[in-house]
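Each chain, letter by letter, is given below.
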Amino acid sequence: RKEVEQDPGPFNVPEGATVAFNCTYSNSASQSFFWYRQDCRKEPKLLMSVYSSGNEDGRFTAQLNRASQYISLLIRDSKLSDSATYLCVVNVLTGGFKTIFGAGTRLFVKA
Amino acid sequence: DAGVIQSPRHEVTEMGQEVTLRCKPISGHDYLFWYRQTMMRGLELLIYFNNNVPIDDSGMPEDRFSAKMPNASFSTLKIQPSEPRDSAVYFCASSPEGGYTEAFFGQGTRLTVV
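Listed in order, the protein sequences are those of chains E and X.
Going from the first sequence to the working numbering is simple: count from 1 and add 480.
Going from the second sequence to the working numbering is simple: count from 1 and add 317.
Don't take every hint at face value.
What the hints assert, rightly or not - In silico DSS-like links for lysine-lysine, alpha-carbon gap of 27 Å or less: (1) X:Lys-341 / E:Lys-559; (2) E:Lys-482 / E:Lys-559; (3) E:Lys-578 / E:Lys-525; (4) X:Lys-395 / X:Lys-341; (5) E:Lys-482 / E:Lys-522; (6) E:Lys-522 / E:Lys-590; (7) E:Lys-522 / E:Lys-559; (8) E:Lys-590 / X:Lys-395; (9) X:Lys-395 / E:Lys-522; (10) X:Lys-341 / E:Lys-482; (11) E:Lys-525 / X:Lys-341; (12) X:Lys-385 / E:Lys-559; (13) E:Lys-559 / E:Lys-525; (14) X:Lys-385 / E:Lys-522; (15) X:Lys-341 / E:Lys-590; (16) E:Lys-578 / X:Lys-385; (17) E:Lys-525 / E:Lys-482.
Since the hints were made in silico from the structure, they are not lab data.
Please read all numbers here as calculations on a predicted model, not as lab measurements.
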């Protein structure tokens with residue numbers, strides 16, 4: 481079993497749709513969580529951090545469920561510019577820490 | 318700040334040659350990371366440094382790979398000898414507080430070994 485698992489997609493949605501991605505992690509020592517966005521042939525960039533209380537940034541909402549060991553990302557009112565790969569990132573404390581990226585979920589938003 | 322700067326952007330080399338990738342992190346960031354991304358394996362952490370000291374190199378695939386950080390503003394990832402399976406995009410990233418804060422990525426080096 482992979483340490484961080486995501487549905488690879490692709491998700492094909494029309495503009496204006498709401499889409500949700502889930503990510504599960506296996507290590508209960510995971511401490512911090514993020515969603516990154518990666519455009520085609522570009523570097524990953526932070527989309528948002530994920531907090532236990534959940535957090536929202538405009539059309540994006542991230543949630544963490546420690547008991548079930550998953551995080552989620554909800555995108556409302558999808559835009560064409562949201563088309564990208566969304567990477568789930570988990571940091572595990574191991575004395576130092578270990579950063580693990582999920583394989584990513586591809587999203588295509590169509591006009 | 319110019320962000321994380323990597324060079325070269327593209328590298329094509331023949332199998333068996335030595336390849337050196339370079340990275341300049343964001344000034345003031347104490348952590349530097351080297352990642353490799355392929356279609357098959359996704360984004361993998363190879364090694365990271367804290368205050369120029371290698372902390373975890375468990376992701377380095379084999380002895381052909383080595384990384385150094387001689388000072389706070391420069392790091393190298395070397396592959397010697399290179400093999401076709403090393404073909405990938407190599408990213409360098411830096412962050413101010415390791416796993417608890419955002420990592421800022423460079424634009425990557427696209428390596429092709431023929």
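Going down the list of hints, with the structure as the test:
no. : hint                  : verdict
1   : X:Lys-341 / E:Lys-559 : violated, 34 Å
2   : E:Lys-482 / E:Lys-559 : violated, 31 Å
3   : E:Lys-578 / E:Lys-525 : holds, 18 Å
4   : X:Lys-395 / X:Lys-341 : holds, 15 Å
5   : E:Lys-482 / E:Lys-522 : holds, 25 Å
6   : E:Lys-522 / E:Lys-590 : holds, 21 Å
7   : E:Lys-522 / E:Lys-559 : holds, 19 Å
8   : E:Lys-590 / X:Lys-395 : violated, 42 Å
9   : X:Lys-395 / E:Lys-522 : holds, 22 Å
10  : X:Lys-341 / E:Lys-482 : violated, 32 Å
11  : E:Lys-525 / X:Lys-341 : holds, 17 Å
12  : X:Lys-385 / E:Lys-559 : violated, 42 Å
13  : E:Lys-559 / E:Lys-525 : holds, 18 Å
14  : X:Lys-385 / E:Lys-522 : holds, 25 Å
15  : X:Lys-341 / E:Lys-590 : violated, 38 Å
16  : E:Lys-578 / X:Lys-385 : holds, 19 Å
17  : E:Lys-525 / E:Lys-482 : holds, 23 Å
The structure shown violates the earlier hints numbered 1, 2, 8, 10, 12, 15.
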